[in-house]
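Combine the two chains into a complex, taking the hints into account.
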Amino acid sequence: MSMVSPLLFLILVPLVAIAFILVGSNARMTALIASVVNLVFVLALFAVYKQGEAPYQFLWSLPVIPSMGIALTLGADGLSLIMLLLAALVTVAAVAVSRTPEKNANWFYASLLFISAGGIGAFASIDLFFFYMFHELALIPTFLLIGIWGSGDRQAAAWKATIYLALGSFVLLLGLIGLYLIQPEGMRTFDLRAIIGMAEAGFLPDGNWVYLLLLIGFGILVSLFPFHTWAPQAYASAPAPAAMLHAGVLKKFGLYGLIRIAAPILPESVAAFSNLLLVLLVGNILYVGYVTISQRKLDWMLGYSSVMHMGYIFLGFAALNTLSLTGASLMLFAHGLSIAALFALSGELRERTGTLDFAELGGFAKPMPAFGLLFGFAAFAAIGLPGFVGFAGELLVFFGSFIGGEPSMGSINGKEIFALNNFQIATICAVWGVVISAVYMLRAYRRVFFGPLNDRWAGLPEISGLTRGAIVTLIVVMLVTGFFPSLLINFLQSASQVWP
Amino acid sequence: MSTLAAPWIILFSPLVAAAVILFVGRFSKPLSAGLAIASAALGCVLSWWMFFQPDPTEPNQFPWIEIGDALRIPIGVTIDHLSKVMLVVVTTIATLVFTYSVGYMKTEEGYWRYFAGLSLFLFSMLGIVLADNFLMMFIFWELVGLSSYILIGHYFKKDAAADASKQAFIVNRVGDFGFLLGILFLWAATGTLMFGELTTSGIAVFSANPVYLTVACVLVFCGTVGKSAQMPLHVWLPNSMEGPTPVSSLLHAATMVAAGVYMLARIFPILEAAPHALDVIAWIGGITCFAAALMATQQDDIKRILAYSTISQLGYMVLGIASAATPDVPMFHLFTHACFKCLLFLCAGSVIVGMHHEQNIWKMGALKNKMPFTFLAMVVGGLALSGCPLFSGYYSKDLIIGWAVVKYPLLGWLSVATAGLTAFYTVRMLAVVFLGKPRDDHAKHAVESPLVMLVPLACLALPSFAAGWPFIEDKFFHIEEAPGVPHILHPILLVLFAVGVMSAFFLYRNADKDPISIPFFANRLYIDDLYNWIVKNIQGGGASVLSWADRWVVDLLIVQVPSKIAWAGGFVLRFLQIGNIQAYAFFFGAGVVGLLYLLIFR
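Which chain is which? The protein sequence lines are S and L, in order.
Under this note's numbering, think of the first position of the first sequence as 6, with each following residue one higher.
Under this note's numbering, think of the first position of the second sequence as 4, with each following residue one higher.
Hints listed in this document are in silico derivations from the structure and should not be mistaken for laboratory results.
All figures in this text were calculated on a predicted structure; none of them were measured in a lab.
A virtual CB, placed ideally from N, CA and C, is assigned to each residue, including glycine.
Accuracy of the hints is not assured; some may be wrong.
Some but not every residue of chain S turned toward chain L, in silico, with C-beta under 7 Å [claimed, not checked]: (1) S299; (2) P372; (3) A375.
Keeping only pairs whose Cα atoms sit at most 25 Å apart, straight-line, the calculated SDA-like set for lysine to any residue is [stated by the list, open to error]: (4) L:K160 with S:R473; (5) L:K32 with S:R301; (6) S:K371 with L:P33; (7) L:K161 with S:A375; (8) L:K539 with S:F363; (9) L:K161 with S:T360; (10) S:K371 with L:P213; (11) S:K371 with L:Y158; (12) L:K160 with S:W462; (13) L:K161 with S:E467; (14) S:K55 with L:A469; (15) S:K108 with S:G157; (16) L:K161 with S:G381; (17) S:K371 with L:K32; (18) L:K109 with S:P372; (19) L:K410 with L:L492; (20) L:K161 with S:P372; (21) L:K32 with S:G381; (22) S:K371 with L:K539; (23) L:K410 with L:P213; (24) S:K371 with L:A469; (25) L:K516 with L:Y534; (26) L:K447 with L:F509; (27) L:K539 with L:P213; (28) L:K161 with L:V238; (29) S:K371 with L:F30; (30) S:K371 with L:K161; (31) L:K160 with S:R301; (32) L:K539 with S:R448; (33) L:K109 with S:L378; (34) L:K161 with S:Q56; (35) L:K539 with S:D362; (36) S:K371 with L:E112; (37) L:K160 with S:L291; (38) L:K371 with L:V238; (39) L:K109 with S:A375; (40) L:K109 with S:K108.
In isolation and in its complexed conformation, chain L is listed as follows (with noise of 0.2 Å):
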């Protein structure tokens, strides 16, 4: 096996898995499933095999477009320190969530359209991580898009399904309308798509035009504002937990959401001298990151505090980006969070599966002894997500809390306000669901998942809690903490941990009903509600118009006016009369071959 070889085998097994479980999964569900685990195992080997191997030096690519020296678009892999990276990580969760699916999935119907639709998620994950360029990364990026939309929509015969499904490709695609504008933007302005070229030799075309390079990279960034949910174009995320948990675990947690910051610290070298843009890239990230906690703390459905604690770690990261002197430390996030955030979903998932498939946390109540590996299991995912020390998201976040304040101070103290809320909004889920009494008699009669789900939350329990210890971190990053941290700043994110914790504990640890109510969170801070409305009346509104203006203004003015005239002449019309058509294409033919030939003999 050779490095060059290795990326290609671990990029297209999933597409081969996909294509073969189309053809043949419906007539057997162990194969649908085998094929689709064992390819993502396959990758997962190959990875870590590859994470021990030298950097290969020399191109790997193959020309896909290429139109004189005008254009030219390869298809090739770049293995570096962070594809190497993600490629870990990407290809181990889902190892982990494809074993999984097997138990959560075992009852529901489109057993094989579920894993062909993971084995092509993983497939167009993959091209992301390993795209040598950036149109390459787009193509992808669209793809993972498309897989998205096939695995929310699972249950397509719900309408809560179906929509959301759509939604989430249609926000998608905004995005990706910025992201396509930078990358023409990039390109015209250097001639080139490659990732190497941009981000050495590329940046110095800038340096004469500055504002250029801010647009540009501002609408590059679009794409992972549409792809990472943050705002304004978040609201796609939380109803994608329309989809099977699993999925949710995979797509709309740990992996592909974080492709838009993935994509961000692979052109990190042209945003470094973009100062304006990394700004906007900083507010964007920072106001996420904060609004999303404060909407996290209302949910009542357990997947949906997730998905809003999601948005809320993908604005962490973001912010990272923009405040960190390197991309590891964003990375760094990525990494113990994928762990974490697919720990915590999967655990929800087995909750949901404990409870028939009811999701809303008021329901639930007293499942600490009812299925006690899976509450043991979300306490360590939980603990690491609100940043209790010696777990993996302690280290991580307060990093990029360091060096957001060191750069942005104002974004950088309310990332610590957030840390307060996110404990706050763990803690009084935990509390709600596992604590207390049963509240419904589901939650009496819960029992514990079988093992073929339990065994992957203990393979990620394991790295939730320990991948931020030093001597771990250390082979996967090179990090430094910010210059000139204020020596406060780790005291009080402990205070806020702390009272986070301690004060979702008791409010929430018997609580029936939820003590605090603010419509304004709850209610997403009625983005949604305003987003529909432009839907309903700007959008449709305004195309119903264009449609009552096309039938009764623009084709009467380029119809009806000339015909009126034509009637007058009574030449073309006369046939209307007859009201034989077939005699009038005999005159239509005719009479252009004469006038034809009257043109011409003149």
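Next comes chain S alone, as it looks inside the complex (with noise of 0.2 Å):
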């Protein structure tokens, strides 16, 4: 245990800079240093992990209440290091898009921040009461910017947000206290290694209730149908960057969470309750994906594509095994950037037009060629076109719940059997829709940008500068990464050995 941690000081850069900006230093470019500091560290992280040694690297821990077992306590291995990326990636992008608002631009630029090092606490952090103390303190930002910078009704849509995601919040707080107290007495502790090391051992009988809740708590937070209604409008109104920061980042944590949680510590419950959840991750997919293509206004669509992707995501952690939960994984950073392009793309023209509205834009590939080919990039990268990494997401994600359940086709004992089992229709639900994201996708690409320009929109702005950059750095990462997937994955392997 080294005397103290890197992951320490990636939660540290953005709170010193958050001080700096409430003292009055230029808001804009502290947070875009601190940003970059933190993006640049990350990168130095993947440098120094050593494969093939223990999965959780870079340790540290603070005993907060030791006779509870509970101490922050700091650690990442592949997966959190390919999440504190995503983040670091996002914020970076987040802070350069941002728009400094006239009023409490100081303000504006801490809350970005604190988002950031909320999320990167919870993919660093090992304790689960820091975990969840992390993701909750990031949420309160989020909150203040919808509410206050947003646009349309943002009122109403900040307290819908609120109201569910504390719901979400209280219910998970609910099961991790219940994880808790299934643990043998006397041996009870938040740290994730110990408990994973219990279940292995066998002491947590009858974890059902404890990953019920987890599953509806975390669930809320990521949107999974039926409780996915707040998404669409609080990204709607949200300022873009708080949008990026929430889809592409802070929504993560609950996937990231059953992905880390439920799926080695509470496998056998995660098994008998998985035909429930295939019925809800469908409903995400198929669903919400129908409703994605009945939107009229850009924002919409993208919110609601972003809660139809959460299925396939749900799809790879239902079927608990090596290459559906390393889909899924990869599924995480993928639809973290290209969502984040997106809302970013989307931010920028509502900027430049006032509307998102299909019926008044288009044509738009004309006085903007630069703006509709990284709009095309990101919208062809979300749809899953090879190449970009969340192709190699969604497949892993197909092959691997393609074989989730049992065996109920093939040859069995020279006996022919043919019929498919539940993972296997949710599998062909899923690759359904694949074509209704390309349905939604290109009509909104279509709408926007093909088709004849209305003289009103003759004299628009080129996309330019650091919102170019940021974008274009974004889209580069998910094609490095699409075209040699094995980076990712590497990493994966320290975090597969504990899944089931």
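Take a look at the structure:
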């Protein structure tokens, strides 16, 4: 255990930057520097991380309530590193594309950095108490950003998100406390590694009710059907950087938690309730998918599309094998980057036109070819085109979930059996989702960028400067990891040791 | 140069060209075109060189995704007889079409975008040809879909082009839905994605479960139905004619749409083990072949006539896969069709340029004197298409028909009838465009196209004429006649050819408008209208209902009801009356912390 973990540094950089901002240094510049420093730092961690040794590295622990087994324990394995990279990348992009508001600019950038710090803290925590607390703390500035700097019916959107997320957090809290209480007395702890050890030793009987609480709690946070209606409204009202940070980073907390906690600790319970989860996640993919098709505004469509994509990741989690969980982990990363790029671009569009109603837009590839090209890249990345990392993620989810259930077809004991199991049916629905997402994404692209240009939009300025650079960066990362997914998959091997 | 490195150079040089054009193409037109043509020509030279080399035996691949023993997806190349022939066809035709494009696109905007798209297409297409496993093929399969989307949508300011590119991508994804599921089915049963293993040891797994194999093969075939525009997913191909004509020629006639047939040829041994799947393939191919020819007889747009003809010819190839004993039979037709259909489209492009972008054949007429060279080339292509003896199409099409008549008599005779229709619609097009009198000012003042467009025509006219001659065909294929073909078949085909040609010639030679009017064919059997209705009413209507339900049912049940209960409790919503979100955020955080302590220190 090193003296001070570099992970602590990752959390402190944005917090220190917030302090500087609040005492009066240039908010935008400070935020930008802090986020770039963090990104460089995360990349350095990838270089330093030693494959093949203990999965959790950069460990550091500060006992807080020793009697209860609560300690601020930081550590990162390959999956944490990937999530930290996601958080750092999206933070840089979100700060870069921010338009400094006229009022309370310092609080605006401070809120962005606070979300980033919370996300980083959650992904770097091994102690479940702090894992939870970091996420909670990050939610608060999210509500503020929507309620204060949002657009449209922002107060209502902020309230709705608040009620949902508070409810989800509460249920999740009950689940985590339940997980604490089913441990044998005297051994109780919030240390994830210790709990996994207990689960492997068979000390955690009957975790079904705990899993249900975790599923519903995490599920609400990730907009699992039917608890999803807060998300599109919140993202449509949120300022673009807030939508990027929440949809891209913070929302991933729920699925990250399920993969981190439920998969290694409660695999029997996950299997026991797999049919329930399959129904809900098919709701995400098919039901929400078709709702997405009928959206008439770009921001709402993107919000619904992000809800829909959570269905794939849930499918990867539900199937509980190395292929599907690897795919789900890749999709956490891939979806975070693509939705961040899309929300950034739609925010830019709103700044230019004042409306995102498809009926009023059209032909924008003419005045803004680079904008159109970048949107095209991000859109195709989102619908899982090969070459982008999202394709590798979806593919692994499909391969994993197709063999997720009991083998119920093929030749068994010489007898010919041909019937699909529930995982296979869900996989088929999910593969149809790939068609649905092509429909809504290409329809939106066609409405906004193709067709004749209304004279009203003749002078639209091209995308440029930092905004352009930030989005290009996100796209390049998706392409590089899409061409070479083994870059990420190799790091996931450290996390996959505890997967069932 | 080794046969190990050459395929990788062939594959990646167009990708490099596309990337470079993307960044610097806008600064120089000659640079864009030059890079694209150079990469295609390099591939062409290497492909021909490889064609005469022995097949390498060692595997030539790199790992792409490897997850323990559970899944192994490499990126690798297969060099065998099949892929070598296809490489030669694709790179040669691509080089000619790229060159032709310099003339055709001279005055068009988006010049660099066009050549970047073409290069991206060539890369994707070569990936399909070289792929040594199903998943790699699927990856490049999707990428040709992307390049097709980009190129069809080249004139994106036109609503028709924008809609057509979107439709092409989505319809192909519907086919790919089945394709990917088929791959999953085969992989789940055999544990491998490699063509080599699937077609040899893999088949044995299915001996106990033929139903499973049949389902898997039919699903994989869905990919062909989409990509090769077979019914019922054929609708995108005629609409794809909104793209620039060289694109229609290269992608939507000669190479990309043939990828579906190539894929079936690649997995031919698996299909042979699933006779019921072959029946499905035969029926789809046979019906498509006939129905598309019917639709072709009543089209007025020169490119759409050729598009329906392409669908019909692809139907022949698919039928050939199902009925012949070797994939070389349909591959032979793929080969000759690539030459003569590419030629026909490039001729059509020449006509369209001469006509100032008029595509309606009823505005043309008497172009034979204005554009003598184009006329000659198009006649060669037309005769090859309609199966005139000695021309390439005669050999390859009759071969397929022979096999079909033996194995599927009903479909076989349907394809015989199609041969007559083919001669009819081809000569109808030629007669209206080149004979009679000019029907429009453009037709009066049309001029022959520049040399850069005519040279590729000449290069294609030669193989369109001679590629079927047995001593040439021997170099590429190992084929045999179907055993037991009725002796009457070939005379019948000759008579049908003569009847088709003569009737069309005399009907249309001096016609001012179409003397035949069959709205059912002209309106494409109303299939497009049916689909539009389904998309608008079923999908659109259903989605709207769900959207309404999401707002007024799901949202209401999940949010409003609990929130009303909460209101009654007067806890959470008290802060709403304050209307101060910061205050709430503080209480929210504090409450969570408090609750946690309460529960743990209870």
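**Numbers of unmet hints, in rising order** = Result: hints 2, 3, 5, 10, 14, 22, 24, 25, 27, 34, 37, 38 and 40 break, sorted rising.
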